[in-house]
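Colleague: Can you build the whole structure from these sequences, using the hints too?
Protein chains in written order, with this note's numbering: chain A, 3 to 281; chain B, 206 to 336.
Source of the hints: derived by calculation from the structure; they are not laboratory data.
Quick reminder that beta carbons are idealized off the backbone N, C-alpha and C, glycines included.
Check each hint, because a few of them may be wrong.
Some but not every residue of chain A turned toward chain B, in silico, with C-beta under 8 Å [what the hints assert, rightly or not]:
#	residue
1	Y157
2	G203
3	I205
4	E235
5	S238
Covered stretches of chain A (chain B as the covering partner; in silico rule of three or more C-beta atoms under 8 Å from a C-beta of chain B) [said to hold, decoys possible]:
#	segment
6	60-67
7	90-98
8	178-187
What follows is a list of derived Cβ distance ranges for each label pair [to be verified]:
#	chain 1	residue 1	chain 2	residue 2	range
9	B	T309	A	T161	36 to 46 Å
10	A	E231	B	Q310	29 to 39 Å
11	A	K37	B	D264	43 to 53 Å
12	A	P228	B	T309	29 to 39 Å
13	B	D264	A	E68	22 to 32 Å
14	A	L230	B	D264	27 to 37 Å
15	A	N24	B	N244	43 to 53 Å
Here are the chains, one letter per residue:
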Amino acid sequence: MAKIVAGVATSHVPAIGAALDNGKAGEPYWQPVFKGYEESKRWIAEQKPDVVILVYNDHASAFSLEIIPTFAIGCADSFEPADEGWGPRPVPVVQGHPDLAWHIAQSAILDEFDMTIINQMPVDHGLTVPLSLMFGQPDAWPCKVIPLAVNVVQYPPPTGNRCFNLGRAIRKAVESFDQDLKVVIFGTGGMSHQLQGPRAGLINREFDTAFLDNLTKDPQALARMPHLEYLREAGSEGIEMVMWLVMRGALNEAVEEIHRFYHVPASNTAVGHIILENR
Amino acid sequence: MTDAKPYDDIPGTTVFDAGRSRQGYHLNMFCMSLMKAENREAFRADERAYLERFPMTPDQRQTVLDRDWNGMLQLGGNIYYTSKIAACDGLSFQQIAAKMTGSTQADYAQMMLNGGRPVTGNRSKAEWNHG
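Modeller: Printed below as a string of structure tokens:
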């Protein structure tokens, strides 16, 4: 039986990937960001997951306004890093796990989550920056990755509650898969940030801290949070944090916080990161 | 599409909802075309001619020519799309963010280093009007 053992949440700021790819990780501006993930890298090297289910959003790379799937699951054998306008990131090709991905798709659809099935998709910084933060710069990613793309660009994104419940459906699907696999689920994006308009640069440390606290203390309260509150309190792009709730919904009610990191700024964004293990 | 939205009260923010997505479809799809190197070259060679390939409004084309980043958002542009013009121009996300806030790059970067724009005083239009 496959099993989800832990959840990881992290921001996926593109500038973090660029800093790493351009050898700037040691510069004073970036050094504190990467330091916050040192313990995480050790942790995941010990965990050795077989599969990471990586919840993220595409930033007008694989998808445009032509087709906007609310939830899309990558079922391909592999996924190439996307060319986001300045060449693809120099990171390994992402190897998928089609057997488990298709199993999750079928199980979730029969569980009334209408997933879009993706057989061909480049993956952008939303997916590759979290892999870089957690695994560094290996020649090949050390595990299979199932991309799960959530629309958070076109308003409205799915509700936090819907995301949380999708997480539950993913857990049910994973636990009904007949291979022994150790699975870690990532929720990415956030934390507070606004990239657009005269209010750009908004950061709300208090909101972010409460969000991190409530992942263990009261995830149901987070699931009930309306979109308006994200937009107003965490910035227009802070609404990405609904994706963290897919991760949280896939874990046990009782979780233990293993690691937390919070840092302002990375470019325009508050970097937030947490590791939760099932208890 | 014309009903007031609860998020319209958030100052300095355009939410990319159904109305804006419909309004900005061709503007955003023009931006999307800049993902291809040959299109970037064609755009750089003759911006006006390239923009004519897309059935955008004259106002939308003008905001692109003027690099009026806030104007593009108001005419249905989405930041993840309009930022592709910035990438084509060799500008970083932070550089256009600074422009949209009316700051210099240096002042904006310093604001971020100081912890970012605080939410206090920036939650509603009333706070901006009376602040």
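Colleague: With reference to the structure, classify each hint as holding or not holding.
Modeller: Here's how the hints hold up against the structure:
1. Taken as an interface hint, A/Y157 checks out: its beta carbon lies about 4 Å from the nearest beta carbon of chain B, inside 8 Å.
2. The interface hint given for A/G203 is met, as the beta carbon of that residue sits about 4 Å from the closest beta carbon of chain B, less than 8 Å.
3. For A/I205, the interface hint holds, since its Cβ comes within 8 Å of a Cβ in chain B; the closest pair sits about 3 Å apart.
4. Contact between A/E235 and chain B, as hinted, is supported at the beta carbon level, the nearest pair being about 6 Å apart and thus within 8 Å.
5. Below 8 Å, beta-carbon pairs count as interface contacts, and A/S238 has one with chain B at about 5 Å; its hint therefore holds.
6. With 5 residues carrying a beta carbon less than 8 Å from a beta carbon of chain B, the segment 60-67 of chain A meets the three-residue requirement, and the given coverage holds.
7. Against chain B, the segment 90-98 of chain A contributes 0 residues with a C-beta closer than 8 Å to a partner C-beta. That does not satisfy the three-residue criterion, and the hint is violated.
8. For the segment 178-187 of chain A, the stated coverage by chain B is not satisfied: 0 residues place a CB nearer than 8 Å to a CB of that chain, which falls below the threshold of 3.
9. The supplied range of 36 to 46 Å is met by B/T309 and A/T161, whose beta-carbon atoms lie about 39 Å from each other.
10. Between A/E231 and B/Q310 the beta carbons are some 31 Å apart, a value that agrees with the proposed interval 29 to 39 Å.
11. Look at A/K37 against B/D264: about 47 Å separates their beta carbons, and that is inside 43 to 53 Å.
12. Look at A/P228 against B/T309: about 36 Å separates their beta carbons, and that is inside 29 to 39 Å.
13. Range check, B/D264 to A/E68: about 23 Å between beta-carbon atoms, so the 22 to 32 Å window is met.
14. Distance hint for A/L230 and B/D264: a CB-CB separation of about 29 Å, consistent with the stated range 27 to 37 Å.
15. A beta carbon spacing of about 25 Å between A/N24 and B/N244 contradicts the range 43 to 53 Å that was offered as a hint.
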